[in-house]
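Heads up: the protein sequence lines correspond to chains A and B, in order.
For reference, each letter of the first sequence is one residue, going 3 to 271 in the working numbering.
For reference, each letter of the second sequence is one residue, going 72 to 309 in the working numbering.
Do not rely on the hints blindly, as some may be mistaken.
[What the hints assert, rightly or not] A few chain B positions that, by computed beta-carbon distances, are all more than 10 Å from chain A:
id, residue
1, Leu83
2, Leu98
3, Lys124
4, Ser126
5, Val129
6, Asp223
7, Glu239
8, Arg263
[To be verified] Just a few of them, taken from the derived set where beta-carbon distance is under 10 Å, the chain A residues facing chain B:
id, residue
9, Leu108
10, Gly125
11, Asp153
12, Ser154
13, Leu158
14, Ser163
15, Gln170
16, Pro174
17, Lys176
18, Arg188
19, Val189
20, Leu191
21, Glu202
22, Leu206
23, Leu248
Just so you know, these hints were derived from the structure itself, not from any lab.
Keep in mind it's a predicted model, so treat the numbers as computed, not measured.
For glycine and all other residues, C-beta sits at the position ideal for the given N, C-alpha and C.
If you want the building blocks of each chain, they are given just below.
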Amino acid sequence: MARVIVVTSGKGGVGKTTTSAAIAMGLAKRGHKTAVIDFDVGLRNLDLIMGCERRVVYDFVNVINGEASLNQALIRDKNCNLLYILPASQTRDKDALSQEGVGKILDELKKDFKYIVCDSPAGIEKGAHLAMYFADDAFIVTNPEVSSVRDSDRMLGILSSKSRRAEQNEEPIKEYLLLSRYAPDRVKLGEMLSVNDVQEILSLHLLGVIPESKSVLTASNSGVPVILDEKSDAGQAYADIVARYLGEEKPHRFIDEKKGLFGKLFGSK
Amino acid sequence: MSTDSQQNAHHLPVLEFKSSTFSVPVLVLTSNDIIAIEQQLQEKIHLAPEFFKNSPLVFDLQELNKHNLDIDVSRLATLIRKLDLLPIGIRGGAAQQNQQALKLGIPVHSGQSVAASSIQKQQSPEPEPLTASTMLITHPVRSGQRIYAEGDLIILAQVSAGAELLAEGNIHVYGSLRGRALAGVQGNTEARIFCSDLQAELISIAGNYKISEDLNDAVPNRRVQIYLQNHTLVIKDI
């Protein structure tokens with residue numbers, strides 16, 4: 003059965019698109035046919051992070067409006083032939099999306115793909131609502147600071163009351179916490195919330211901690227998902243997250259200041 | 072509210088009973104002179120025709136019955152309908168008047184009836200059960216969510232900052248309470264709040280509230296109850 007994963011947060015700038023790109027690539031690299039959809043109509047970024055911005059012909063809104071077929075709009079990734087990207091439209095706004103249209107596209111994708119990753123826009127309005135509405139699993143990306151945590155909490159409330167699964171009284175969406183931009187040294191100084199603080203407020207299953215890392219910015223600017231940078235700590239963190247999501251047991255890393263054995267071997271930044 | 076629990080996966084509920092209060096104009100009669108009533112009622116309606124048009128109306132015969140002035144209920148109902156008002160209840164009527172009203176399809180509102188005869192007791196609607204059902208929530212209540220319980224409300228998880236609990240009865244929270252909790256929202260001053268970890272933004276019982284700044288004395292991670300004493304909220308360890 004195909005699974006629809008929404009990457010969401012409520013707050014902007016916490017790393018939703020970086021995370022969407024990384025986990026979609028991670029899932030595809032492990033042999034699962036994966037599609038990643040940019041729901042941020044009007045502020046499209048995923049194509050840049052995935053490095054396919056020069057190959058966009060048709061987009062999500064074209065497919066919804068019937069101006070292009072899904073196959074025409076899907077862009078195959080250069081690094082992994084099991085990964086496809088459906089870019090957002092840059093010239094339209096969120097109103098161009100309709101629940102019916104999104105549902106139809108997801109149903110069509112489900113026939114062919116194992117995982118469908120939905121990159122949600124910030125906020126709780128239409129775009130974010132449609133990104134999460136059909137989800138089976140939700141990755142809540144949170145930064146260790148109070149406003150991000152509260153917005154995530156709000157988003158969790160929406161997931162549990164306004165999604166399709168909630169409306170049809172099905173099994174609720176599975177929710178996972180991804181704590182990004184984590185800096186253990188700043189936690190120690192009391193400048194940042196700790197993993198435990200965030201978990202206490204959100205009481206959510208922690209899928210992984212992504213450390214604050216220069217490699218994320220480098221990867222974004224060069225259009226290569228950070229998970230492909232196997233030497234970087236952020237890349238390894240995302241690889242762990244994908245493994246845990248697929249059911250593997252992996253001890254949490256990057257929570258403490260001292261480098262783990264793996265980090266020492268590879269000299270993480 | 073489709074928040075939680077008890078919903079059976081086999082069938083979706085298509086209806087539910089809710090208790091609501093409406094404000095309805097009551098026509099209190101002090102004379103049984105139908106012609107005078109018609110005249111004065113017309114004058115009143117003339118002052119605000121839009122307000123009265125098709126407005127529901129309860130007529131009260133208590134004053135008449137106090138002075139043993141009888142009135143023909145069916146004639147009165149016809150008159151009310153003629154003036155584009157919709158009689159939806161009789162109050163304070165004698166047994167025979169109530170029976171007459173019921174025959175016309177007008178419900179009897181008990182409570183202030185002068186003639187509390189046995190017949191009328193049988194006819195008055197079943198009293199609402201004293202204990203409205205308890206609502207049980209097993210998942211965390213998130214920021215921005217709002218839960219309203221007509222009776223007691225029991226939460227077996229945490230209540231996040233920015234969430235709001237409202238109950239006509241008591242509120243129990245067996246997790247951290249970081250949001251708002253308002254018990255006895257319909258004015259029940261006997262309602263209480265019980266929680267195992269008080270970090271609330273606001274607590275209120277029957278409209279008497281305290282905000283988080285006033286809760287400084289309350290130590291988190293201790294089981295407490297909150298109740299009303301002389302219009303002041305009291306927080307006590309359990």
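Here is how each hint holds up against the structure:
1. Leu83: Non-interface label on leucine 83 of chain B violated, nearest chain A Cβ at 7 Å vs cutoff 10 Å.
2. Leu98: Check passes; 44 Å lies beyond 10 Å.
3. Lys124: Non-interface label on lysine 124 of chain B holds, nearest chain A Cβ at 39 Å vs cutoff 10 Å.
4. Ser126: holds, 37 Å
5. Val129: holds, 38 Å
6. Asp223: At roughly 21 Å from the nearest Cβ of chain A, aspartate 223 of chain B sits farther out than 10 Å, so the non-interface label holds.
7. Glu239: holds, 22 Å
8. Arg263: holds, 25 Å
9. Leu108: Violated, because the Cβ-Cβ distance from leucine 108 of chain A to chain B comes to roughly 23 Å (cut-off 10 Å).
10. Gly125: violated, 13 Å
11. Asp153: This hint holds: aspartate 153 of chain A lies near chain B, its Cβ roughly 8 Å from the closest one there, short of 10 Å.
12. Ser154: Constraint on serine 154 of chain A satisfied, holds at 9 Å.
13. Leu158: At 5 Å from the nearest chain B Cβ, leucine 158 of chain A passes the 10 Å test, so the hint holds.
14. Ser163: With a minimum Cβ separation of about 7 Å from chain B (threshold 10 Å), the hint on serine 163 of chain A holds.
15. Gln170: holds, 8 Å
16. Pro174: holds, 8 Å
17. Lys176: violated, 13 Å
18. Arg188: violated, 23 Å
19. Val189: Violated, about 21 Å.
20. Leu191: violated, 24 Å
21. Glu202: holds, 8 Å
22. Leu206: Holds. Min distance 9 Å.
23. Leu248: At 26 Å from the nearest chain B Cβ, leucine 248 of chain A fails the 10 Å test, so the hint is violated.
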